[in-house]
Structures are given as C-alpha cells and as structure tokens.
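Those sequence lines, one after another, are chains A and B. Quick note: the first sequence uses my numbering, first residue 2, plus one each step. Quick note: the second sequence uses my numbering, first residue 2, plus one each step.
Check before you lean on any hint, since a few could be wrong.
Note: identical chains are not told apart, hence a pair may lie in one copy or across any two.
Claimed, not checked - Below, simulated PhoX-like cross-link-like pairs (lysine-lysine); rule was C-alpha separation at most 25 Å, straight line:
hint	residue 1	residue 2
1	217	250
2	274	170
3	223	253
4	270	253
Hint data in this document are derived by calculation from the structure and do not stem from the laboratory.
There are 2 protein chains.
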Amino acid sequence: MKLIIDAMSGDNAPAEIVRGAVSAARTLDSHIEYILVGDEDTVKKEIASANGSDFIGSRIRIVHADEVLTMEDDPTDVVKKKKKSSMTVALHLLADGEGDALICAGNTGALYTGASLIVRTVKGIRRAAIGTLLPFDRPLLLLDSGANINVTSEYMEQFAFMGTVYMKKLYQIEMPRVGLVNNGAEAHKGTPVYVETHERLKMTEDICFVGNVEGKEIPFGKCDVLVADGFTGNIILKLIEGMGSFLMKRMKKMLFSSLATKLSAVLLKKQLKQFKQDFDASEHGGSPFLGISKPVIKAHGSSDARAILNACKQAVRFTENGVIGEIAQFAAAYQRNVKSTGTESTPSVVSE
Amino acid sequence: MKLIIDAMSGDNAPAEIVRGAVSAARTLDSHIEYILVGDEDTVKKEIASANGSDFIGSRIRIVHADEVLTMEDDPTDVVKKKKKSSMTVALHLLADGEGDALICAGNTGALYTGASLIVRTVKGIRRAAIGTLLPFDRPLLLLDSGANINVTSEYMEQFAFMGTVYMKKLYQIEMPRVGLVNNGAEAHKGTPVYVETHERLKMTEDICFVGNVEGKEIPFGKCDVLVADGFTGNIILKLIEGMGSFLMKRMKKMLFSSLATKLSAVLLKKQLKQFKQDFDASEHGGSPFLGISKPVIKAHGSSDARAILNACKQAVRFTENGVIGEIAQFAAAYQRNVKSTGTESTPSVVSE
C-alpha cells in the first residue's frame, strides 16, 4: 500500500509532516510505502533531520512539486492558479493510481474542491462530506462538518449512509446509530430540509436512525453518526473545540489561583495530561472525505508528527476495510432505485 | 412597578417559583409588587411555607388560574385549548397593563407564541427573538436562540439592533459589538441568508458590526451580541450547556480517580464551587423576549428560587431602562425608511 502525503501543507509543514511520515515508516507495517510530495530539496533535508534518509528509495519516495497552496489561496486555485502545488500534484497522483490514499493538512476548501474535481466523487453520490471524529466517551462521527453549506435532504440521507459505513468498518460498530442534529426531538422540528431529512432517514432500512439529537445531547453518546448540513456542522465542530479550550483555560486559572490549588495541580498532573489527551481529536487521525472515490484524509491544520502518524494509521484502515467499495455499491443501488421508481429514496438492499 | 409571575410553570413550580418571589419581596426595592398567577390555594400555601404570608395584600397579590400549561402541550394551546392556564392569564394581565413585566419558567414555545399573539410584537418588528445570556468571561447575548427557525436577513438585522439596545441598557456597554455566527470569517461565507445579513449589518450605521464569528471564537469575547437564526442559535445554546456538563463530569471523574486526586478535590472545594457558579447562566436571570411590546422573561425550566429572584432583578432593569422604548423608536424609523425608499434597510437615525 502506498500513502501519498502532502509534505508542504499545514501550519507545521514541512518539518512535522515529514517527521510524522518518517515515524510511520519506522513503526507501521513494512508493506506500506510513503510518497512525500513537495519541494525535493526541502523534503530531503527534513527527512535527514528526522533520521529517515535510509528510507529514501525503499519505503519513502519523494515527488517534486514547485508550489505550495496556502490558507490564503482560493479553494478553486487547486485546479486553477496553483496546478503545480504539492496539494494538486498529490491529488493527481491519487487519481492516477500512483498511491492508494492521500493525507493532507492544508487548506480544507481547496482539498475538498480538488478531491471532488480531480479524484472525483463516487458515481451516484451527490456530494462528498467531510467527516470529523469528535472525542467524546464514545467516538462520534459528525458529517458534514463544513463542505456543503447548502444541502438537500438527499445529500443528508447519503451522508447518513456513508457515515454508517465508515463507523461500521473503522470502529467495528455493528449497526452504528445515526442521529440528525436538530433544535428539538420531534419529527417536525427544524428547517424544511431537516424535516424532510428526518422523514427520509426514518424510511431508510439500511441505517439505524435514532431520531433528532439536540445540542446538549451531542457529547453524551446518543448516536455514533451525527448528520448535519455543513454550515451547522462546522459551527458545532468549532464550538466544541472552542468550549474545550475555554474550559481548559478556566480550569488552569482555577488551579493556579492559590497555594493550595497549586498543590492540587501537582497532585493532578498525570490526570490533567490524560484529560487533555482524551480530548485531543488528532488521536483519531484526520477528517475523512466520504464520497470521494479514493481515501482522502484532511489532517488538522495544526498537525504535529504524532497527528500525521495517526492519520497514516487511519488511512491504512480506511483503505483496507473496503469503506469506499461499500459506499459505491450503495450509490449504485440508490441510482437504480431513483431510475426505477422515479423518486429519490434509498434502495432497500445494499451490500454487506 | 408590578411583576407578574407565572407561579405554576417550570420543573420546580410552584414551590421554587413562589419561594423566589417571596425572596424578591423580602430583598428588592419596596416599590416593587408581585402578582403571582396560579391556583389560589396552592400558591397561598406555598407563600406560607416560604414565610411570606405577611406580604399578601401588600407586596404580593394572587390572581387565580384554573389550569397549567405543561411542556407536553402544543405551543398554540396557550391561545387555544388552555386559555385558563396560569401562563395565558399572566400574559393577558401583562397585555392589559395590570403589571409591567412577566416572568415565566414554563414551555418556551407556548410563552413565545402567547407573547407574540396576546402581548404582541412592537410595531415594525417582524419577529421577536429569544435572547440568551451566555456566561463567558464577558456576558454575551445570543439571539435568536430558538424561536425563529426560518429567518430572513431583515429579521436578523432587527435582532442585531434589539440585542444592541439590550446590552447597552442592561450591561452599560456603550457600543456593544455585534457578531454574526458563521462557518468562516469572510463576508461570502454561510448560507444565502447569512451572506445577505452580513451585507445588511455592514451597511447599518446604528450597530457596531465586528463581522462573522466562528464557533471556536464564541467563548472568547469577540462580540457582545451574537446574531443567529433560531435553528443554529438553539443548537449553539444547548451545545454550550452540554459541553459544560460533559467537561464538568469528566473533571469530577478525574478528581475522584485516586487518593491523591481526592485530596486535590478537597483543596479545590471553594474554587470548584466558584467554577460551577461562574458558569451558571441563571446568575443573569432568564432569557428576554426582544421585540415584544412589554418585557417578557423566560426563566430556565429548572429554575430554583435563586434563579427566579435573579429574573425579578433582571425584569426590573429591563423595565426601568427603556429597552422597549428604544426598540419601538428604531422600528418606527425602520418602517418609515422602508416606506420612503421602498427597500428594507435600516434607518440611519435612531434615538439615543
């Protein structure tokens, strides 16, 4: 298996990205190879600093790219102004079958645009969704977490199915429970597209729909897959991040307010570290783009070497577990069903 | 001043509601009178248990109501099936000028429906909004937090203005900063109605618009007024609540995991109490309904006596500070402007 890694994109690129790849080459199964995309000299130097030069030519290959697509670039630049960027080159390598999966910590919008246009969506899938794993007591996949601002109930129904497949295959949950984010429990709650989606999800036999999920229920394990439009999903995702840092800051302030509390902070040192780690989403890798015809993983912009290593592990499982194959079979059945009935409802039989 | 209090609605009604009213009668300015609405015998008994019988006839008056509107009732029942409920009777007392402000801890949807239909919205205000004060380092007013699921940019522009007036008058912020919740900083981000609202807010001279606010920025004081549609606002509000309890639970688990951490919990006792209290929204009272022609405050369903006392203090400030007068002047100018220009943009001059 070959993992393509955009070595130049992300807040800590290229150093941390390359360190992550070298650490993956060192620790993960030896059948995995790594294609690092970026300025050849720079990447080579970073590999050397990470003591990974021995891997070059065996486990690690460098593919040169002249440019870097930044956070300031327009998402469409991935196929327009910056065709020579490491991100675009990496996407073409994936599309051309030079590698099996792609990991990138760069501009999310550009990666999504490039993945949809260069790698393409699975036939029959209306829109790919960005899935994000939320680090609660049980892992929870939120999708869409930001790509599709304007959605239809059909998109959201497909998100529900794709999320189900991902959680089943990667987290061994036999029948993942799907919830629909909403402002109330009742079926009539929410905007018209949410009411319609609720109706569709209730009718779909291939997922386990547990109904609407209110904001306060999100952290408490009511479902394994949480379906949202990209606007709401993005606000949820970032608010969870913001609340995590806010409460952590308040806690620190509390712990350093007096001599007694400082002593307690010492007593809690190990637990505080664990507390922080438990809440670190990068333990789970990055965000899978579900509905793209090959595995694309968006690592967090601030990814360090450990996060990249985790994203590599995730990419291997994503590739080996047949997630995309099952999504493709679903989409084909979905399309047949639309053709035969003229309505766009879910097929009743999908592959196992 | 006369405060009307629905004594029968809320998870802890009537006991805690009545206790809160008695405690207000005991501690707040003596020119304030309290009209408790509910079953006369029950309320009288509760007043006696709260040692407040002396106030009856002087500071406290009871208005009898046969029924109680519950959480299970449909919001429209406030004007249909349960016209004799304490909530409906209380709303009519307010509409008829028998009291100056209303506090109720019952069914939010019903109270909003009743307030809009019985007390009525301010002339020129398209829709009233539910404001909620979020307990961050600086108080932040989120509106709409759940009433208007489908909005127009005009509604949201009016929310921005109403929120500005409330924070100016009640929190002495000279020029409250208004943010628009969104999935990104740029003006083109969000659904069409958000893009339109951004455009409108940028053009409005009477508010201080600081631009879009992303989820992770919400807790960090970027603005004093956060504008959202009711669907998104409700999810934000409840997610903040959920994240608060989730992290509190995790922290407790951490503090009771070993002997050493239990010792630290003892050392932290005072701080933990403060931590919890700092994060208790009911310290600020309840949620004002902005755009209704008289002050209506929705206290949290789980309000205890202290929360009701705080809501009484808030009702007094809401009433005395001329919030509604300024909203009415704005709305009148807004209407004139719509008439004269044919477009629905904000008037450039509003009262100070």
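Here is how each hint holds up against the structure:
Proximity of residue 217 to residue 250 under the C-alpha cut-off of 25 Å is found in both arrangements, the shortest distances being 21 Å within a copy and 14 Å between copies. Taking the closest pair of Cα atoms, residue 274 and residue 170 never come within 25 Å of each other, the shortest separation being 30 Å inside a single copy and 43 Å across copies. In this homomeric assembly, residue 223 and residue 253 come within 25 Å of each other (Cα to Cα) only across copies, at 21 Å, whereas the closest approach inside a single copy is 30 Å. For the identical chains of this complex, residue 270 and residue 253 are neighbours both inside a copy (12 Å) and across copies (15 Å), given an alpha-carbon limit of 25 Å.
Figure legend: structure checked against the earlier numbered hints; the only hint not met is number 2.
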